[in-house]
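Following the hints, position chains B and C against chain A.
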Amino acid sequence: MESIFALVLAKANYVAYIILMMVGLYAMIVKNNLIKKIVGMTIFQTAVILFYVSIGCKRGATIPILEHHASPETAAHGAEKIVAHAMDAVNVTHYINPLPHVLMLTAIVVGVATLGVALALAIKVYNTYGTVEEDEINQQLRSG
Amino acid sequence: MIWQLELIILLLVIVCAVAAITVRDLLSAALLLGAYSFLLCLIWAVMGAVDVAFTEATVGAGVSTVFCVAAVFHTTRRTKD
Amino acid sequence: MKILGKLTILLCGVLLMFFTMEFPDWGDPESPASTHLSPYFIQHTMEDTAVPNIVTSVLADYRGYDTMFETTVILTAGLACFLLLRIERKKVPHRYYRHEPTGVTLRMEGDKFPRNSEVFQRMDANWVPYDFIISRTCRLIIPFIQIFALYVVAHGHHSPGGGFQGGVLMGASVILFAISHSLRAAIKSFSEKTAALLSVTGVFIYAGTGALCLIFGEVFLNYSALAPLFGSDRVMARSHGILMVEIGVAVAVTAVMIWIYYNLSSAGKQDEGL
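Residue numbers (my numbering), protein chains in the order written: chain A, 12 to 155; chain B, 23 to 103; chain C, 862 to 1135.
Bound-form chain A, shown alone (with noise of 0.2 Å):
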């Protein structure tokens, strides 16, 4: 009992992700309005991706665009510059990793592209039915 503690106090944020993850996927099953659970479905989404960017974190790293040390050569333009930029080492653990970013900026962009079409089926089941609730709509099925 114990160790299963200060193993939750450990993972204490991988614990606060899931918490959030739950939160989403309960309004996309159990709640009755359509717009709710479209609700949900954006907390569920935007839960996935704070969990998959919180992986390529790292302690006391920066972010990740290259910095620029000064050279006391600055008027050298093109070729000579990128390749004097090459010479100095980059520490790799000086950075964070980039390779969640990129992959997440995708799945944000195919959110809001994915809730534009979601708000617009609602709009339309709206002007159909007459309501968003989802047990009104399936009396309306059943009986007409």
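Listed below are several chain B residues computed to face chain C (Cβ distance under 7 Å; list not exhaustive):
#1 THR80
#2 VAL85
#3 ALA92
Not the full set, but computed from the structure, chain B residues with beta-carbon under 8 Å of chain A:
#4 LEU48
#5 MET69
#6 VAL81
Honestly, the hints are just simulated from the structure, not real lab data.
Computed from a prediction, not measured in an experiment: that's the story for all the values here.
Ideal Cβ positions, reconstructed from N, Cα and C, are used throughout, including at glycine.
Relative to chain A, chains B and C alone:
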């Protein structure tokens, strides 16, 4: 950064998410989603993911909230659960 | 039914928590995610592409194929919104106009009134007088938002930013114009046909850059083939190729955001907005 601040922002994010699915008024739910996006953008900026934070700030807290509010205006505003 | 849902979620949560206990600690530099491929990107981005922002160079150059299909997905979403919602404007039998200086409301039959008139303003169904302060303030702010959007697109190489963020900012400026003034004014200045054509043009610019690399003899989307076109060496040609595809992405994202807003805010009819 200071780990206490990160913990408080993470707790606020969870509170915002739970509130967004619990309130009865759909317009409030859409705006709470905007607040949730902003706090998430803060967490990513603290973690060092500046590109992801920039994208979430424009897309999540800007355009996504406007789409949700537009959809709420064309359907009902009250909900039963 | 709800008890079943809550039980499922509890089970799912407990299982996930049990399995993430095996994950590496937060902030560990030796975690498997950071030791296989990303050291290559961090060390070689400057000598391969001359772009300091590692995220932009990986997004647009090393993984450019992925980004091209993502732009296509955004275009498809805009198209789907349009096909779902858009309906023809019905011919109304009469329209209401308001005479500005005196406040008199007229009701006109058919379509006989001149459309662009200074003193007569067309009324919508839920007519609310558009606030003078809001419309004038937004008119002052919108050019600065657009300049900032162009800055973000152009400086994607050296600071956080790039094509997506700049495109969304540009689209948000037109959405702000549509909210503060009326939707008809926004459609008059940036019509839906323009938005649709621009979104396709953006994807065409991206795929066209890749095809141009094919014409010059290299693999699809290998920007160093464009070196004779720009008149520089192969490394700088990759940097310029990244800028070209970022412009294509920005144009496509701008147009799709505006298109989705036009369709969502009027539920397809496009005669009154929010």
